[in-house]
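Visitor: What follows is the residue order along each chain.
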Amino acid sequence: MNTIAAPQRYRLPAGGCIDRSRTCTFSFDGLRYTGHPGDTLASALLASGVRLVGRSFKYHRPRGIVALGSEEPNALVSLGSGARHEPNLRATTVELYDGLVAESQNRWPSLSFDLRALSQLAGPLIGAGFYYKTFMWPRGFWEKVYEPLIRRAAGLGRPPTAPDPDHYDKVTVHCDVLVVGSGPAGLGAALAAARAGARVVVCEEEPRLGGRLLIERGIFAETPANAWVDEVEGELRANSDVTVLPRTTVFGTYDHGVYGAVERVSDHLPEPLPHQPKQRLWRIVSKSAVLATGCIERPLLFANNDRPGVMLAGSVRGYLNGFATIPGKHVVVVTNNDDGYRTARDLASADVEVRAIVDVRPADSVPSERLRGAVNARVIHGMVREVAGISQVRAVEILSDDGRERIACDVVAVAGGWSPNIQLACHLGGKPVWDEAIAGFHMKSAPRGMRIAGSAAGIFSSPAVMRSGIQAGLECASDAGFQGKTFEPPAMNEETYAIRADWRLPAAKGKVFVDLQHDVSIADIELAQREGFGTIEHMKRYTTLGMGTDQGKTAGVNAIAVLSGLRAMQMGELGTTTFRPPYTPVSMGVLAGHHRGKALKATRLTPTHKWATSRAAVFIEAGLWLRAQYYPVKGEDWFAAACREASTVRRAVGIADVSTLGKIDVQGADAAVFLDRLYANAISSLAVGKVRYGLMLREDGFVFDDGTVARLGEKHFLVTTTTVNATAVLAHMERFAQWIWPDLDVTLTSVTEQWAQIALAGPRARDVLREIVDPRVDVSNEGFPFMACAPLVLRDGVPGRLFRLSFSGELGFEIAVPARWGEALARRLMEAGAAYEIVPYGLEAMSMLRVEKGHAAGGELNGQTTARDLGLGRLVSRNKHFIGRAMAERQALLDPERPIMVGFRALDERRLNAGAHVLSLGSAVTLEHDEGYLTSTAFSPALGCWIALGLIRRGNDRMREKVRVVDPIRNQEVNVEITHTSFVDPHGERLRA
Amino acid sequence: MENGSVPENSGLRWPLSELLRPGRLGLQTGPAGIKVRARIPGALAELMPFKGLDEVVAKTIRDLHKLELPRRRRRVEGARLTCTWAGPKRWLVEAPAIAPPGPIEELEQHIAGTAALVRQTDGRAVLQMSGPKVREALRKGVAIDLHPRSFAPGDTALTLVAGIEVHLWQLDDVPTFELLISRSVADSFWDWLKSAAAEFGLECAAETSESTRVMDSASLEELGATAVTSMNTPQEIK
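Each protein sequence line maps, in turn, to chains V and B. Numbered continuously in the working numbering, the first sequence closes out at residue 1044. Numbered continuously in the working numbering, the second sequence closes out at residue 300.
Hints are not guaranteed to be accurate.
[Unchecked claim] What the simulated footprint calls covered on chain V by chain B, stretch by stretch (three residues with Cβ under 8 angstroms from a Cβ of chain B suffice, anywhere in the stretch; the number is not a length):
no.	region
1	296–307
2	645–651
3	691–703
[As the list claims (entries may be wrong)] Derived pair list, reagent style PhoX-like, types lysine-lysine, alpha-carbon separation capped at 20 angstroms:
no.	chain 1	residue 1	chain 2	residue 2
4	B	Lys-151	B	Lys-121
5	V	Lys-649	B	Lys-256
6	V	Lys-652	B	Lys-256
[Stated by the list, open to error] A few chain V positions that, by computed beta-carbon distances, are all more than 10 angstroms from chain B:
no.	residue
7	Arg-135
8	Val-224
9	Ala-720
10	Asn-832
Think of the hints as simulated: they come from the structure by calculation, not from any bench. Predicted model, so just to flag it, every value in this text is computed and none were measured. Ideal Cβ positions, reconstructed from N, Cα and C, are used throughout, including at glycine.
Based on the provided sequences and hints, a complete structural model is requested.
Guide: Below you can see the structure in the form of structure tokens.
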């Protein structure tokens, strides 16, 4: 960076809302400049005489600052470095701070010398729709050559690659009246509603309230605008039911009075203050809203109207009055309405030379003597033909009744008329209508609860603007039940507008740009029309007009005018494109808020999580839960640990936390009837103190979920579900209990969180259990047989429940205790089991054990399998009605050719992968030869090889057949033998031991 | 037994208790905007009347505790029992820590056959929040309106905070709010709250405990003795 800052040669000695007592030093493209607090990056650059700030999107033409606020199409910059690098910010909305580092974008090698500007020579090739025609051949080139090339050339800024170091907030706020915008209309509305007693939220995009009150001269007849704004802001802030949100853009209107807004809490600082978010997303729930969003000025169309120095006239005036910055020394004003004269007047009063006012209107429509008299500049009734100068305006060529005339200047201030800013009124589908009187689109009706006030409603004289705001505020408050009184604002000056829009163009050579950001010219719109894309929405897609980060805020109406002219249609007939949120770009970070990384969703921890951590468990996600995957000892990898754990369970004993399985308490006189209808197998015949496997179908007849049903009492059941389906099953049950069978007497509630449940499995399970339960509890095979359940008391008095269940195929118990005791139970089991070589086992070992045993689980319950497919057909009751029965009997689901679940055993030591497909030996690897696929695989410590469960055609008739499994993704092929699903203890002797 | 005296490795685990260490988090200057403490309830259960018996159950509660079961989104507090609306035909009942048979066990006897009463003491965690900025912190997660005009002491709501189901109610005008969350998500909820409250300063106080931590002999007899004798007989399993 150069050490000497450029002087602020274009700063007036006095005026503006800037703090001249302090100086901010900043850099732009490595050069050093200064400005003051209160400046935007744009105003500070203009004050230092910087005209060229960027290169255009497609043609890399030099571009300068056009506008004052968030409508700016050209001046996109990148800010900051490293992880805080942020691209595509509008220099007009970047608040200046000391040490700010900004870079221009889309230029190479430098802003002033851009080689890609040569692409203008290829202009004819990259006109509208070029994406669709130029790069069609050869086909393979698109992905590898054309697209990367286009992306590099047609650039916006580059996103940062490091994670965002800042955090973002999300807030919901409720109010009676939301006021969007705080210009004269917005402040009037906010004051009226707040004084009526309503809860009010005021959102202002700029750092200060006031809107155009701060940047216009002479709105009030006597009162100083700044003082009035300060007084109003003070009154609003003193009211605890008013929320004032500066630096906040309302970006979307949603159903039922909900609005989305982004508050830029820390963007005006180098980095957020400690504990402060960078930005905050506001979800504003309002009973009613006042849209006081003002209006946006349009450029005028003439050749080379994109040259740096061509600026909106209202913005020129804003830089002058708000920032004491003059964008040049010799100005030509071009206008089609009275407002352009106000820019000339204010420039003249700051001693800036206005060389001419080019008034597009006929000579008979000139403004009042008062306005004209204040200017003292030559008025030419004509039109600009073209602009001379490349990286800066040098002159304009004017065509009038007196012929052609060339006037040298460095700024062309264009006043093409003001478009009411009505995007937020259209987000719910509203269509604007054309109003010839104001030459603009505005709303005939607004969404329910919304009132539009001020210039957003097409009202252009300040006293009327503020009165309409006061009226809207009162009406909104009244809707919410608060009756207020109107009040008289300070005396204001009437203003005339008298627009006569005329989009006819004098012929000239240079490009006439409509959308500056996306480099869309009149020629492009003509091309779109010529090639059959003549509706407004088609033209937008074909030319990309209005699809930039500015969403064509300054381009839209001019484009409609051009296209309707070409089609000889009325503006209103052609209509606008569809406005959709967001109004201005919203960063992904603020949408995510707190929810990023691990906080994307809640994590659920089991009652033994801390204990498992202390045993060095490695965890894995199962739905929202974190479950122990394996417990490595002495540097074991997952495979060694899981094999050891599974073998120990088969040989001795192990414990696993199964608290994550869904547990649903079902009670009521009709509980048994309800469950009979819910499950495919019979439940009502279950005896108290017994547990049964339960299979649940969806209404379409496919398997939904499985689990166990324990009968705790005559009218009391405890149902378990798979971990992943716990919520879905309860919702399913609630739906049937509440809507389909409301006559049944049944209550449902989840008790998953209440109970810690630990599976104790292995031949020594009973020995371990005996040591921890009250000695009076009989746990013998006779006293507590397979599939029994009972209340339980542990030796130290902890009450619980005991189930004799097995997922592993070994002698197994599940012990449930109130969750606070979960960890204590795990510890006690480990102590008691030490003599029996007890181990904790995780999900990997659990999976090995269940695949060895042939139990269907996640891979098999995949939403595409029926009970028959899973070999569970015999469970399905023929004697009752239940959910899914009718649909399960569809012919296609009974087709004997449907793949059926079998086991597969690898014939060599290689690994099997779930998802691999099964083919007959010798058949070609094509889809026609596909016979099924593997659903779950595991290494079997018991068998010493890889085994799998899977689905294959006519599987039951093909036992011992050798087939091959092909995994084209991993490029692997293994020969396997078809077996029964139960690899271990097929007759269930161990379970019942 | 006080929680503070339960050694780390005893295996007794209450959600939140180990997370909320007394002290200050977030902004360190000025008075803390949020004050928070874990409250361990004595006993919690869900009360769900069986079909057509709402009035019978309401009368039982009225006779026992002089409380009216709130029709909607309210919480009523009695000397020995608190009833909080928890959805249509569903209430959360809470009793102070009294060795069984406490109010919950007593209620269980009286409503037998007319309502399901399902224990949830261990499945939930209760967080008490107050402080001048408590509403401002809560609105970062709570989408419903907690403004005094809309939500008053005794009001309750079932809602989501940061994707986590929360049952919340307001105790008093201070204002003090209590948030009931599921045990397994306590860590995630705490992470969200720390982040939401950081800008206001978050002061954690020692927990308040109303729970009996160790089963005394009376409770053992009550729960255990029946269990043992009922082992193989078809009788209700609690």
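Visitor: What's the verdict on Lys-652(V) and Lys-256(B), does the C-alpha distance respect the 20 angstroms limit or exceed it?
Guide: holds, 16 angstroms
Visitor: Can you take a look at whether the region 296–307 of chain V is actually covered by chain B? Rule is 3+ residues, C-beta closer than 8 angstroms.
Guide: violated (count 0)
Visitor: Are at least 3 residues of the region 691–703 of chain V within less than 8 angstroms of chain B when you compare beta carbons?
Guide: violated (count 0)
Visitor: Verify this label for me: Arg-135(V) is non-interface relative to chain B, using a Cβ-Cβ cutoff of 10 angstroms.
Guide: holds, 19 angstroms
Visitor: Tell me if the straight-line CA distance from Lys-151(B) to Lys-121(B) falls inside 20 angstroms.
Guide: holds, 14 angstroms
Visitor: Beyond 10 angstroms from every Cβ of chain B: is that where the Cβ of Asn-832(V) lies?
Guide: At about 13 angstroms from chain B, Asn-832(V) clears the 10 angstroms cut-off, so the statement holds.
Visitor: Over 10 angstroms to the closest beta carbon of chain B is the bar; see if Val-224(V) clears it.
Guide: violated, 6 angstroms
Visitor: Could you let me know if the closest chain B CB is still more than 10 angstroms away from the CB of Ala-720(V)?
Guide: violated, 7 angstroms
Visitor: Within the assertion that chain B covers the region 645–651 of chain V, do at least three residues meet a Cβ-to-Cβ distance smaller than 8 angstroms?
Guide: With 3 residues close enough to chain B, the hint holds.
Visitor: Compare the distance between the alpha carbons of Lys-649(V) and Lys-256(B) with 20 angstroms, and conclude whether the hinted pair is satisfied.
Guide: Holds, because 15 angstroms separates the two Cα atoms, which is no more than 20 angstroms.
This entry does not satisfy hints 1, 3, 8 and 9, going by the numbered hints stated previously.
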